[in-house]
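**Student:** Both chains are given apart, each in its own frame, so use the hints to dock them into the complex.
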Amino acid sequence: DVKVTQSSRYLVKRTGEKVFLECVQDMDHENMFWYRQDPGLGLRLIYFSYDVKMKEKGDIPEGYSVSREKKERFSLILESASTNQTSMYLCASRSSGTAYGSNQPQHFGDGTRLSIL
Amino acid sequence: GNSVTQMEGPVTLSEEAFLTINCTYTATGYPSLFWYVQYPGEGLQLLLKATKADDKGSNKGFEATYRKETTSFHLEKGSVQVSDSAVYFCALSSASKIIFGSGTRLSIRP
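Chains as they are written, first to last, in this note's numbering: chain A, 11 to 127; chain B, -17 to 92.
Where hints are given, some of them may not hold.
Stated by the list, open to error - In silico SDA-like cross-links for lysine to any residue, where the CA-CA straight-line distance does not exceed 25 angstroms:
id : chain 1 : residue 1 : chain 2 : residue 2
1  : A       : Lys13     : B       : Ser67
2  : A       : Lys81     : B       : Ile81
3  : A       : Lys13     : B       : Gly23
4  : A       : Lys23     : B       : Ser76
5  : A       : Lys63     : A       : Lys81
6  : A       : Lys67     : B       : Thr(-13)
7  : A       : Lys67     : B       : Pro22
As the list claims (entries may be wrong) - Between beta-carbon pairs, the in silico distance windows are:
id : chain 1 : residue 1 : chain 2 : residue 2 : range
8  : A       : Lys63     : B       : Arg91     : 42 to 52 angstroms
9  : B       : Thr33     : A       : Pro49     : 27 to 37 angstroms
10 : A       : Lys13     : B       : Thr8      : 31 to 41 angstroms
As the list claims (entries may be wrong) - Stretches of chain B that chain A covers, calculated by requiring three or more beta carbons in the stretch to come under 8 angstroms of a beta carbon on chain A:
id : stretch
11 : 27 to 39
12 : 79 to 86
I should point out that these hints are in silico values taken from the structure, not numbers from a laboratory. None of the values given here were measured: they were computed from a predicted structure. Here a beta-carbon is modelled for each residue, glycine too, at the ideal position from N, C-alpha and C.
The following block holds chain B by itself, in its conformation from the complex (with noise of 0.2 angstroms):
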């Protein structure tokens, strides 16, 4: 069935830092993938999606690209920032419902 794995976490870097969060997945079809952010104390937010192999989703100076052949939909960002710490959760959807990751918490040290 489809899956999604996402590196574990915690994930602490110092502000500045070059992020990556690593996803992969496993689906029939083509999925379309979405990455997730959590704030503490809140729900789920959109941060960015992709609906096709080699689209490359951004927001926020965030940035993932679809990739098919390595079934893989990994987080980036340049410079991360001590706001930028949440959870973040990939998850791709499937005809019925969405299938979400683990999650990765994320700590920025000033």
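The shape of chain A in the complex, shown without the other chains (with noise of 0.2 angstroms):
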């Protein structure tokens, strides 16, 4: 089974601060997610990256930005954290299929939920 682990289940800040969000999977995935969650909202993509080094804004880019130096590690970077940050941050994986489009699922971690004071 894939696994995808996230470093922290609850991480309090403070406003300001440089705040970073570690995601690692096991199955070799070239592709790699973050999103927020917040009530009302559904899943809101922040980056992805189709493979190392690479990166891609989504939907909601600002304020954050996201780092990709190694296959199996996806990290998310919020630059100056502010209290409408606070959220649940969900990270996710899935293989690249073919050339024209994957697909195959995501594949997610548990989550991590982010307090900024």
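**Tutor:** The following block contains the structure:
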């Protein structure tokens, strides 16, 4: 079974801090994703990565950056945390499939509930 | 562009009732379709999938059929249990990413 591990289940940080959320997958997947989940707003894509050192902005990248130095690890960085970034953060990975796109499902970690005070 | 619309919740049913959660989609080409389930305090888990028209995905008593003519992928279960209480997400896979519906919260009364 695919395992996607997020480094923390719960995290509390202060406004203005630089925050790192780590995600590791063990199935050699090319694609990795970061989402935030808020009540009434569903899942919103922050950033994704097709492969090592590659990254693409999702729907709400402002205030965030990412790093993919190794294939198994995808980090989300809050450059200067703000209270409106309090949320549940979900990491996912999937196989890239064929050159024309992927019909593969995403596999999710258990999430990090981040509170910014 | 591609999109997914699923019925709004919350949905509350009694144990052993029949469940339907509606999902319709808009897409170019031939996307794959998925249902995910999220139990309290956890991430999303893949429940079932279908990759082409008329495919039926099934798992844990849940079923959904990929209907191209009605652009639908409705989730059904014949007899729900209290343990099925969760949030359910319909999703479609395009070339670069997966698009999720807004989620439907399901609560089952004993």
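**Student:** Enumerate the violated hints, using their earlier numbering and listing them in ascending order.
**Tutor:** 4, 7
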